[in-house]
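Chains A and B supply the protein sequences, listed in that same order. Its first residue numbered 265, the first sequence is counted upward by one per residue in the working numbering. Its first residue numbered 265, the second sequence is counted upward by one per residue in the working numbering.
The reader is advised that the hints may include incorrect statements.
Since the list gives no way to pick one copy over another, a pair counts as held whenever it fits inside one copy or between any two copies.
As the list claims (entries may be wrong) - When the alpha-carbon atoms are kept at most 20 Å apart in a straight line, the in silico PhoX-like pairs for lysine-lysine are as follows:
1. Lys438 <-> Lys474
2. Lys438 <-> Lys528
3. Lys350 <-> Lys590
4. Lys650 <-> Lys662
5. Lys474 <-> Lys505
6. Lys303 <-> Lys505
7. Lys530 <-> Lys438
8. Lys501 <-> Lys326
9. Lys590 <-> Lys717
10. Lys403 <-> Lys300
11. Lys438 <-> Lys501
12. Lys474 <-> Lys528
13. Lys382 <-> Lys360
14. Lys590 <-> Lys403
15. Lys505 <-> Lys438
16. Lys505 <-> Lys454
17. Lys530 <-> Lys276
18. Lys528 <-> Lys382
19. Lys365 <-> Lys501
Rather than coming from a laboratory, the hints here were simulated on the basis of the structure. This structure is a prediction, so every number in the text was calculated from the model and none was measured.
Number of protein chains: 2
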Amino acid sequence: MPPKKSFPQLSKIQEVELIDDLSQWALGNGLVMYPKDFKPYNAAYAPVTLFPTPFPRSQFEKGIEVAEKFGELYAKVTSNYEWLSKAIEELSQFDKGFTGKLWEVYLKAREFGIVQTKSLGLFRSDYMLDTANGEERIKQVEFNTVSISFGGLSSKVGELHSFLNSKGDYSSDKGNYYRDEDLPVSDSIKGLSEGLAQGVRYYESSESVKDTVVLFVVQHNERNVFDQRLLEYELLKSGIKSKRLTLSEVESSTAIDEATRALKLKSTGQTISVVYYRSAYAPYEFTSEKDWHARYYLEITRAVKCPSLLTQLSGAKKIQQVLTSKAVLGQFLDKESIDTLHDTFVAIHPMDDSEEGLAAQKLAFAEPERFVLKPQREGGGNNIYKQNIPEFLEGLPKSEWPGYILMELIHPPTLKNKILRDGVIIEEGILCELGIFNTVLFDESDGQILYNKAAGYLLRSKTSSSDEGGVAAGFGCVDSVYLY
Amino acid sequence: MPPKKSFPQLSKIQEVELIDDLSQWALGNGLVMYPKDFKPYNAAYAPVTLFPTPFPRSQFEKGIEVAEKFGELYAKVTSNYEWLSKAIEELSQFDKGFTGKLWEVYLKAREFGIVQTKSLGLFRSDYMLDTANGEERIKQVEFNTVSISFGGLSSKVGELHSFLNSKGDYSSDKGNYYRDEDLPVSDSIKGLSEGLAQGVRYYESSESVKDTVVLFVVQHNERNVFDQRLLEYELLKSGIKSKRLTLSEVESSTAIDEATRALKLKSTGQTISVVYYRSAYAPYEFTSEKDWHARYYLEITRAVKCPSLLTQLSGAKKIQQVLTSKAVLGQFLDKESIDTLHDTFVAIHPMDDSEEGLAAQKLAFAEPERFVLKPQREGGGNNIYKQNIPEFLEGLPKSEWPGYILMELIHPPTLKNKILRDGVIIEEGILCELGIFNTVLFDESDGQILYNKAAGYLLRSKTSSSDEGGVAAGFGCVDSVYLY
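Produce the entire structure from the sequences given, and follow the hints as far as they go.
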């Protein structure tokens, strides 16, 4: 048995063999992406850690335990139109280009009439392990309600690390370094596919149709397509077919039945029961009004959207901030759930002129090293850290401060894992983010939950020197947990 | 139901979608090779047909039916030292560089003492469909006894074609074009792995050891490594570990126990129970005397060789030629088996000064269009076809003619399948070669057979304009059968 938090100690020769086994397993088992010099006939292995990363079992289990509670929370938030619309309208002022635009599209769809009140959520709640008080506790970084990725590759990287362990590559005597039961393989391929299948089955049974398909709305030249395909393959095992279209192809390739608003593929007449977005989560993806119109067009169909516009909007950082208040949580959940969820939050403050906001403004100048300042604007990459906060705020008109939230920093441990990317080993120490997947099918008109289930995990690691960590963007990598 | 021998008729749009689905399935499911511009972190999909190729069910089943008989035949040929040594010695004169050298190594090992009489064969008998007499009958092209490949990728391409069929990509209405039962997926991954496992289990039980490993003797920078890895992964599922070494690494990485001749890995002390060659089948692979010595070194160990030198030598074209005589077959098989096997042969004549040889020499000039002239020399790529034969023979000293065999041409149908390679579709019509795998564990000292089992199939297709068809070499591709 390895001591807690340890990594295998390998000789240079053993590491070379490990990398050979790892690379070929990854390339031969679909742990792949399109390479940067995109060619449709080549794949590259995804950036990946050499070893599974130690993670405290109790905190891993806590993440899974709260997954369905978060599913319930966001279903209820989304279904409380009065509450949500107020929050989103406020937020829209500070993010006109995206949140505002999504909201506008939603209002237009609402005015036309939304015929499908069921909404499907494939969610991922992301945590870091906070070591601030000498303890190790998961703290929520963000809650994602649209186009969550890496559920496919996460199962694969778990299988990879288990393979290397079984082969004896982590041990100098070719025995197993880890016990199998300490290396859980994420069941996210099955879990997320089952979520989509729930949407299909609901639609087919309520509309009395058969052989419907799932529409994957995807990006053009997506590098992470294999992650998505894994869900498609799993769905097909249950006889559920899929179709992939980009947002700009949607309207020319489909038609809406006038009477029922059923969405159909023009080429074959197949009915689309579920619209599954693996795109449309960031402003840069909408390149024209045509793309925005496609988002509207899909919203007014009878297909179950994964997610609906309201569900997507519930994932705004502003909502995350507001939900850190126990009083607000109390509007949606029972007492026990409030405490359990709240325990995973760090403080997030508004920067507006409310009492809490004014206090936060002071804090941002007095103790900036404790915080990260995040724009409410969606799209990522614009966070301001620690000592940079005061100067940044000074350069910003005070009227724009409410466009930000002030979030307490989480202090994850730096671990001595190694990252392999394009044949190069990176040994800077890593930081990890644990994502727990959840799927929920619910009714936005009354909050009724038809299906709600945790759906595996993702461990994403990045070098400790980088503050943001997108895997596809070229820094950070997929990882799996070794539970201690 | 499609009519016999038909291929799906797709619109351009449907074909684009098919290629997208095909490419990504292949890249995401291990139907891959290293690309020509070898990078250890990139894979390319293997050249592959868009559709399964029609093949008559009766002839497919015949190939499987005779597989174990061929296993028995070659086990018996290999075990008849007197007979085989005579044939190989003769042959060695005409192929000093390879057959002669292998034989020399064998004799040296025999003199030193061969302690392991059990031999493991992973064989592949290759056929083409002969349409010469208005019938369709499989006729043997060659019988391979060493380093047979594509057992891994063959299972994958069957899965691919089944996936595309299930997804509806072969049909304009997205229904199934083929019935599932007409698209058999080759079980060669399981079958060949089970053959290797039989060798391991025999060794472990007879030597009373546990946790032995299979040594894959491989080429440096092998592009077709994923095909091999699939067997490794399947073996590991049964708890059997593998180690990969090139011929030139063998002696520095292993040691032979003096008392027992057990072969062990120096690094870990693990015993190697089976030496599985995925190399050493062609002269160009032996780059130095060191490589030849490694072949000797392995032969004198207690490990079960797959194949032993004698088993490898039994696959010579000369042996294939001699075995086309019913009288010769009668030395090894019962009457019924003789007829069944002989039915799969075309005429193959010696070019020596025997009565048959002299007749063949005349035939080669009188009716060259009926034949292909093949050198007994191993290594491939030097066949002389039809009208080119007379001129070739005229340019050759008559003393060298016995270094060739004259083989009746097989006339396979040209079929309208399409090949996809590196993103390019090739539509020249294809010719197919059906390989049937077989595994046999036997004793070379007495011909006793411990295990003998058919192990799936390979359909390899090539453009009709190319006469030779290696997949890794860049022409030809992997395919699967649609049985009619």
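Taking the hints in turn, this is what the structure says about them:
1. Lys438 <-> Lys474: Result: close only across copies, 14 Å inter versus 51 Å intra.
2. Lys438 <-> Lys528: between (55 Å within a copy, 13 Å between copies)
3. Lys350 <-> Lys590: So Lys350 and Lys590 pass the 20 Å test inside one copy only (19 Å; across, 91 Å).
4. Lys650 <-> Lys662: within (19 Å within a copy, 89 Å between copies)
5. Lys474 <-> Lys505: within (11 Å within a copy, 46 Å between copies)
6. Lys303 <-> Lys505: Neither: 26 Å inside a chain and 35 Å across chains, both beyond 20 Å.
7. Lys530 <-> Lys438: between (56 Å within a copy, 12 Å between copies)
8. Lys501 <-> Lys326: neither (31 Å within a copy, 32 Å between copies)
9. Lys590 <-> Lys717: Intra 24 Å, inter 68 Å, cutoff 20 Å: neither.
10. Lys403 <-> Lys300: Intra 33 Å, inter 47 Å, cutoff 20 Å: neither.
11. Lys438 <-> Lys501: between (36 Å within a copy, 16 Å between copies)
12. Lys474 <-> Lys528: within (13 Å within a copy, 60 Å between copies)
13. Lys382 <-> Lys360: neither (27 Å within a copy, 77 Å between copies)
14. Lys590 <-> Lys403: Cα proximity of Lys590 and Lys403: one copy only (16 Å, versus 79 Å across).
15. Lys505 <-> Lys438: The answer is between: 9 Å across copies meets 20 Å, while 43 Å in one copy does not.
16. Lys505 <-> Lys454: This pair counts as within: shortest intra-copy Cα distance 15 Å, inter-copy 28 Å.
17. Lys530 <-> Lys276: Classified as between: cross-chain Cα gap 16 Å, same-chain 58 Å, threshold 20 Å.
18. Lys528 <-> Lys382: For Lys528 and Lys382, only the intra-copy Cα distance (18 Å) is at most 20 Å; the inter-copy one is 63 Å.
19. Lys365 <-> Lys501: neither (38 Å within a copy, 52 Å between copies)
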